[in-house]
Amino acid sequence: MTRPTPETLAHSVRRARNAADAAGDADQTRAAATPAAPAVRPAPAQVSGAGSLVRSLEALDVDVVFGIPGGAILPAYDPLYDSTVRHILVRHEQGAGHAATGYAQATGRVGVCIATSGPGATNLVTPIADAYMDSVPLVAITGQVARPAIGTDAFQEADIQGITLPITKHNFLVQDASEIPRVLAEAFHLASTGRPGPVLVDIPKDVLQAPTTFAWPPTLDLPGYRPTLHPHGKQIREAARLMSGARRPVLYVGGGVLKAGATEGLRRLAELTGIPVVTTLMALGAFPDSHRQHLGMPGMHGTVAAVYGLQKADLIVALGARFDDRVTGKLDSFAPDATVVHADIDPAEIGKNRHADVPIVGDARHVIDELLAAVTAEQAAGRGIDLADWWAQLDDLRERYPLGYEEPADGTLSPQYVIKRLGEIAGSDAIYVAGVGQHQMWASQFISYEKPQTWLNSGGLGTMGYAVPAAMGAKVGKPDTVVWAIDGDGCFQMTNQELATCALEGIPVKIAVINNGNLGMVRQWQTLFYGERYSNTDLGTHKHRIPDFVKLAEALGCVGLRCETAEDVDRTIEAAMSINDAPVVIDFVVGKDAMVWPMVAAGTSNDEIMFARGVRPAFDEDDI
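Using my numbering, the letters of the sequence shown correspond one by one to residues 1 to 624.
One or more hints might be untrue.
Unchecked claim - In silico BS3-like pairs for lysine-lysine, Cα to Cα no more than 25 Å straight-line:
1) 420 with 451
2) 478 with 451
3) 543 with 592
4) 592 with 420
5) 551 with 592
6) 420 with 478
7) 234 with 352
8) 352 with 330
Please keep in mind that the hints were generated in silico from the structure rather than gathered at the bench. Just so it is clear, the structure is predicted and the values come from calculations on it, not from any experiment.
All chains, full assembly: derive it from the sequences and hints.
Next up, the structure:
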């Protein structure tokens, strides 16, 4: 996996650690193997704090930042004017944060966003929280009022360090300009190693203006920060023993497998053992959807086979997953007969929600590689695994309860059909970025994800407005890849102003607006649980065509298209695919009554999964 750590930073990271450990663990830090830094360090350069900041970004091999200038951060924008770092001027700081996240998720590199103090910084709170929940490597740089004014309620002052303390992996308030190179190097190292996450660097205006010297590489000072990357051998052997003796095992795969670059090892482990695989919403693409052993996505809107496979398992091997409530349903009824092997790089996750019988702390890539060796040893000793009966039961479930949908009775366009055809036409090499709601779930169900880093969404925080700016960032990071944002008419209206940024910056993203005229997922809950009392979910995009998404797209410098019939779906998608020099927005006008199935209602057991409205799957006594 490509990482942003430059040669000199990799050298300083190794030097700051114990030499023996570093020699053995250099690959585990997920930093690229690099030659040592030059023996002779260049003489320090005389610069301002702002100059030191920009030169640090250059030394860290940052190619793009997303941001908006303002008073407190303005000193940084002057040296940025002459920098090799590309700055993309967004229309809202939230867009900067989500764009940096999309860039990071698509490339595996650290995403960078910049904002000024006060409201500029607080507008980054949502994308920072989003990155924190989904373990995305992000560095947010904010300006702050001058040091003498801190604490005086000065104009555009906000304690962004305190505000973001619960939603950052770490954050800094820089007090001296000489600290800037070290703090930036530490921020990037923290964001991209161990369990990735967002790091905030807050710099007062007078620190940016102060004269200082710039020298690189700095010496990192991170006492106590040593992620455990190699798992304990005894725990690995115990996990392999359990896997060899299980009758109903499941590999429960989370986003940590993608973060670790462990997808190839996962496939080998699955094929070696024959164990069925489920991939969470954040892990789609970690294991090919088309693979015979893939049961699909578990959880609230997962497949029947995946939900019941987990529920009735006698062994769950969780890899880089966190037993999220959207997967487990009512926690005390989740997988009651399962022994749990839980592997995660973050020890805080293990046992947090579900007791782990075999806890394994380590990087998913190393965990999987060592499990491969241990399982191979088990098989060589004649302790193989026979899952014929288990697969017969699961295959029966897959055959009886496949994912599907009914065509709308009123003749309106089916949103599921639109998304299915979009995935088939754009193909498995495209990157798909989803907003949050019904369209997100349909995109997870009806597009086949065969490769890692082709599915981006806001999983943990569930942020409406994520898709358009995240797609922008993904396209910047992967300019030669087709990037589709699949958004709802509600989500789209939160951040669509970033399409102006895309038009002006030459970022030809493609946006499919699934326009059902409503806040669709909220309306579905009102249908099911609130007696069809549709309080404040009609957006007016159907009745009044306010806004008219085609005209809005054109006003923002994009090509606008509209599709209202199934006969026109393919032609419209293909027209959008043929346009590569401008952003494209398609207004897919779909029916308002479509629902996402299957569904496990919030707070209920996975045993109560519904296959359609009020319909639970029927299981025979011999079923699982």
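Against the structure, the hints:
no.	hint	verdict
1	420 with 451	holds, 17 Å
2	478 with 451	holds, 15 Å
3	543 with 592	holds, 12 Å
4	592 with 420	holds, 18 Å
5	551 with 592	holds, 22 Å
6	420 with 478	holds, 23 Å
7	234 with 352	holds, 22 Å
8	352 with 330	holds, 15 Å
Consistency with the previously given hints is maintained throughout, with no hint failing.
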